[in-house]
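All chains should be modelled from the sequences, with the hints used to inform the complete structure.
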Amino acid sequence: MIRRPKPERFRLRRTMMFMNAQKPGLIKDAYIYGCDSIMLDLEDAVAENQKDAARFSLYHALTTIDYGNTEVIVRINGLDTPHWQEDIRVCVAGGADGIRIAKCESAQDVHTVEAAVEAAEKEFGVEVGRTLLMAALESPKGILNAYEICSASDRMFGVAISGGDFRKCMQTKFSPDGVDMLAARGQMLLAARAAGIQCFDTVFTDLDDNEGFKAEVLQNKAMGFDGKSLINPKQIRLVHEVFAPTEKEVKQAEAVVRAYKEQSAAGVGVFTVNGKMIDIAFIPGAERTLRLAKACGMYEGDLV
Amino acid sequence: MEILKSAAAGTLESSDAMVTVEPGEDGIQLELSSSVMNQYGRQIKATILETLERLDVTNAHVTVVDKGALDCTLKARVECAVFRSCDASSANIPWGGAIR
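Protein chains in written order, with our numbering: chain X, 1 to 304; chain U, 305 to 404.
Hints should not be assumed to be uniformly reliable.
Unchecked claim - When the alpha-carbon atoms are kept at most 30 Å apart in a straight line, the in silico BS3-like pairs for lysine-lysine are as follows:
(1) X/Lys6 <-> X/Lys294
(2) X/Lys234 <-> U/Lys371
(3) X/Lys28 <-> U/Lys371
What the hints assert, rightly or not - What follows is a set of in silico ranges between Cβ atoms, one per label pair, in the way DEER data are often shown:
(4) U/Ser394 <-> X/Phe124: 16 to 24 Å
(5) X/Gly224 <-> U/Leu316: 41 to 49 Å
(6) X/Pro284 <-> U/Glu354: 29 to 37 Å
(7) X/Gly212 <-> U/Ile332: 54 to 62 Å
(8) U/Ala392 <-> X/Ile2: 20 to 28 Å
(9) U/Pro327 <-> X/Met1: 31 to 39 Å
(10) X/Asp206 <-> U/Gly345: 40 to 48 Å
(11) X/Arg3 <-> U/Val340: 27 to 35 Å
(12) U/Ser339 <-> X/Ile283: 50 to 58 Å
(13) X/Asp208 <-> U/Arg346: 41 to 49 Å
Calculated directly from the structure, the hints in this document are not laboratory data. In this text, a Cβ means the ideal position worked out from N, Cα and C, and glycines have one as well.
Quick look at the structure:
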């Protein structure tokens, strides 16, 4: 049985690829694509009369297949279905890194899931607190309650918007400039940053529209998202390219972190690097750039 | 577990297997066909029989049409078919116990 290492609450999550947990052909080699996280789906991708079969398939995938450094998240069925409790039991028993709460609308929804996760951790002898949570906001109510959702639990690592359901609620449809979801994305980002957790954009479903996909990913990066949900492996490379720092940014970040280590050891709080004022407030950002650079193969040093 | 009624799980897609269990009276009767029978037939048969034994199924007629499923998929399909035959597949599954 594969025992996955304890999940990291904050790690690099540029790409999160959805996979139907009921399809053995898909999940058996999901790790080869190089996405940061895979999202095994028990919800919409699985037909109503196959929910049970998907769980058996998921359990054995989680305990048999070595996904290496790829994070393994499971999307469970909504709290308004008869499926979510057994979904949580199998996720915890199988050792999934995290659970994505579908159609989350309030802090109470997070608390409900958290209580069931904790009960399952005790039932299956898993360390309490090991299983991480993230929430998908799919309705106007979810967006309006984004901050209380983001800050509802220490297990929460991130929040994502789900475009299909959200646009349906808003009586709008996909727009190439993103205006259809601009306010929602903005509000969710504010809430996630205020709560100190990560934020992910929705899937782009037209696999033939490469220009449209690129424009959306560029906008995601500009708005401050940590990553994006994907539906096809061919989308991974572009997101990793767009989210990669530039060489200049990596050099500057390296200089900043190195200088900070030297200066703070010498008792200096504020100093300049290449003409720019630097103090402790710049360090987390610079370290983040270096971690990103390392994941992209652009940095091999030991500062992060 | 006792097979109470006919039940099936799985598909005929590549890397999957279709497993059907029916009530039987004379031990386990296994009908196996596989797209990789020559290479893996014995291993597939062993996995199916081990899984049935773990679930304490002693009498059943079992039909498996394998399309190159991994062992973990075969186990999942056999288990699901057996639990479905007892109407017990949707809740309180013994994950990590009989299912492992």
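The hint says 50 to 58 Å between U/Ser339 and X/Ile283; measuring C-beta to C-beta, is that right?
Once the Cβ atoms are compared, 57 Å apart, the range 50 to 58 Å for X/Ile283 and U/Ser339 holds.
Keeping to a limit of 30 Å between CA atoms, is the pair of X/Lys6 and X/Lys294 held or broken?
Holds, because 21 Å separates the two Cα atoms, which is no more than 30 Å.
Kindly confirm whether 41 to 49 Å is satisfied by the beta carbon distance between X/Gly224 and U/Leu316.
holds, 46 Å
Cβ separation of X/Arg3 and U/Val340, checked against the hinted range 27 to 35 Å
This hint holds: roughly 30 Å between Cβ atoms.
Is 41 to 49 Å respected by the C-beta to C-beta distance linking X/Asp208 and U/Arg346?
Check passed, 45 Å falls within 41 to 49 Å.
Given the hint of 31 to 39 Å, is the C-beta distance from U/Pro327 to X/Met1 inside that range or not?
holds, 32 Å
Is it true that the CA of X/Lys234 sits at most 30 Å from the CA of U/Lys371?
holds, 26 Å
Falls inside 29 to 37 Å, the C-beta gap from X/Pro284 to U/Glu354?
violated, 52 Å
Range hint 40 to 48 Å (beta carbons of X/Asp206 and U/Gly345) holds or violated
Given about 44 Å between the Cβ atoms, the range holds.
Verify the proposed pairing of X/Lys28 with U/Lys371, using a straight-line Cα cut of 30 Å.
Holds: X/Lys28 and U/Lys371 sit about 14 Å apart, inside 30 Å.
Holds or violated: 16 to 24 Å for the Cβ distance of U/Ser394 and X/Phe124?
holds, 19 Å
U/Ile332 and X/Gly212 - C-beta distance against the hinted 54 to 62 Å
Taking Cβ atoms as reference, X/Gly212 and U/Ile332 lie about 55 Å apart, which means the hint holds.
Hint check: a violation occurs at hint 6 only; the rest are consistent with the structure.
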